[in-house]
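A.B. asks: Given the coordinates of chain C, work out where chain S should sit on it, guided by the hints.
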Amino acid sequence: MDSQSTDNAVTLEGSGLECIRDDRVLFSGLDFVLGAGRILLLEGRNGSGKTSLLRILCGIRLPEAGAVTWCGEDINRLGPVYYEYIAYVGHRDGLKLDLTPMENLAMARGLGNPNPDTSPEDALHRVDLLGFEDIPTRNLSAGQQRRLALARLLVTRAQLWILDEPFTSLDVHGIELAEELFHEHISLGGMLAMTSHHAVNLDSARVHRINLSA
Amino acid sequence: MNSASSSAAFVLLLRRDLILAFRRRSEMLNPLLFFVLVTALFPLGIGANPVLLKAIAQGVIWVAALLASLLSLDAVFRSDFDDGSLEQYLLSSHPVSVLVLAKVLAHWLITGLPLLIIAPLLGVLLDLPWDSIKILMLTLALGTPVLSLIGSIGVALTVGLRRGGMILSLLVLPLYIPVLIFAANAVETAAAGLPITAHLSMLVGLLVLALSLSPLATAAALRVSLS
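Residue numbers (numbering that gives the first Met the number 0), protein chains in the order written: chain C, 0 to 213; chain S, 0 to 226.
Pulled out of the complex, with its shape left as it was, chain S reads as follows:
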């Protein structure tokens, strides 16, 4: 198969997954609702102290985004596994990694992008200054795709297990931690007036690494899960 028809298959699968998500809108809202609720409960839980809230805001928003992303992860391949579509991907004449990338991109557009869009609102809620919100958005834009990409490997490995949720978290969370550290720390560093080029370079590096390696690893993991 030539690369032109493989990219056509990529677009076709991406579009199909977006259509499917649109037809099941309520499922799509779950992670977003979780993200908003967790963040909104923090001021109630620890008291409305602006100084304290401002200090923990970026950490809270990032941890909530990370957990929301983890929560939605299982959906990447679950329904495909249940209805047999996954077998059809493996038997496609296009590289499985290309199809995997389409699925992960669709998943990020459905669950990651809404987090990114609603994050400024939560930043305001936690009294973050506008400059910090901009950096928070930037780190979320770079970081959440990494979460989806790394997560897809874990889902591919656990999709054949009947109760893989626990193992999935244990597999994936340690790999999420570098993203969390660099992303949450960037906002703080910038607020102190220091340059954050190093943080952003690390995040871009992680993104490039995940983008190039994770589809291959996910494709291999899917073969293992289905055999």
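With the rest of the complex left out, here is chain C:
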């Protein structure tokens, strides 16, 4: 348990979380508190349940025991209200390859709570994809598609970003860009729950690590 979030009312809290997959207990009795401006970094071996935990935080998967609460309310009861506050980038990018980057971002914007300060063009600029607005997403490289998926985070006003291996297929420059985005989001009071195999270059005072293999 961690008491890092007492200064702000917004919290994501997990209590007594248990996840069972194919009769194997991946984790049980897992507790954490994540407050504004904080990062939850999940570590652990392959198959230790990192992705499952992130999907539980999204409310896509139900925990076998325990509950996830957002500001004290069970996320599965909040439903769409909770989804106004979160954005998720899974290991599948959630992009339509036949659409252009602009069309993909317009769709992401429409599905969530649009951010009035960041247009799709701004978001593309932030991930260094200007000049690629009108070519099919299919023609982008894997790293560029990943950056486009991350740009999706910027066009909605989500406070909590849930990211499953966000650095996959990014090059050094791409990782720098992504870390810059995360820094900015955190310093503006955003929250981050993520898994990563890379050493993450983020302010360690703000990071709360959970090792699922331990």
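In case anyone wonders, no lab produced these hints; they're calculated from the structure.
Note that the structure is a prediction, hence the values are computed from the model and not measured.
For every residue, glycine included, the Cβ atom is placed at its ideal position computed from N, Cα and C.
There's no promise every hint is true.
Claimed, not checked - Sample of chain S residues facing chain C (criterion: CB under 7 angstroms; computed from the structure):
hint : residue
1    : A8
2    : R15
3    : L19
4    : R22
5    : G83
6    : E86
7    : Q87
8    : S91
9    : S92
10   : L225
11   : S226
C.D. replies: The following block gives chain S in isolation, referenced to the frame of chain C:
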């Protein structure tokens, strides 16, 4: 989220799916081609006997339309599941049922509406009189949306399975049968000079029922498939 922005999301998703279909036109033609081929092969298979053809025409056209619709069903959520878009719908701040309705409407416009448009031509091919063709069109207009709506529940349940095609047919076909019975029978009844109000009322009833309940069931089924 208020309902105005949810309807904006509905329109956005509908438009996006139509754009996607337009960029992959060849896939769109598959069910239509199937529909035309099956219907056109019947006269060759059973002989060009006008009386016989006229008698079975409405049944043949309806069965072909039903199978064509079943054939195209898997496409409603398959690509969304594969590329992760489906997760994004579930995590949208709009009701999932609204988004589902947009997807199903788009699917019907892409695969159902072309069947409706080409059906009169096939009616002529099978020597149906003009009055019967008009009623056939009417039943197709009322019936094919029901097929798409019911089918979406089955697809949502089976989209997580790697080979769900067989289960999908088994799940969905029994639910298609009432539509088939009332629709195909309406044409025959009208040809005999009897009123078909009862048939049409049943079809309208099924449509209203499917329209109101199937998006909710589909949304729930998608949650099950993704969890």
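A.B. asks: Decide, hint by hint, whether the structure agrees.
C.D. replies: Structure-based check of each hint:
About 5 angstroms separates the beta-carbon of S:A8 from the nearest beta-carbon of chain C, less than 7 angstroms, and the hint is met. A hinted interface residue such as S:R15 counts as satisfied when its beta carbon comes closer than 7 angstroms to some beta carbon of chain C; here the least separation is about 6 angstroms, so the hint holds. Given the 7 angstroms rule on beta carbons, the hint for S:L19 holds: about 6 angstroms separates it from the nearest Cβ of chain C. Because the smallest distance between the Cβ of S:R22 and any Cβ of chain C comes to about 5 angstroms, under 7 angstroms, the interface hint for this residue holds.
A distance limit of 7 angstroms between C-beta atoms decides the matter here; for S:G83 the minimum to chain C is near 3 angstroms, and the interface restraint holds. The interface hint given for S:E86 holds, since its Cβ lies 6 angstroms from the closest Cβ of chain C, which is under the 7 angstroms cut-off. Taking 7 angstroms as the C-beta contact cut-off toward chain C, the hint placing S:Q87 at the interface holds, the least distance being around 5 angstroms. At its closest, the beta carbon of S:S91 sits 4 angstroms from a beta carbon of chain C; the interface hint therefore holds under the 7 angstroms criterion.
A distance limit of 7 angstroms between C-beta atoms decides the matter here; for S:S92 the minimum to chain C is near 4 angstroms, and the interface restraint holds. For S:L225, the suggested interface contact is upheld, since its CB lies about 5 angstroms from the closest CB of chain C, less than 7 angstroms. Given the 7 angstroms rule on beta carbons, the hint for S:S226 holds: about 5 angstroms separates it from the nearest Cβ of chain C.
No hint from the list above goes unmet by this structure.
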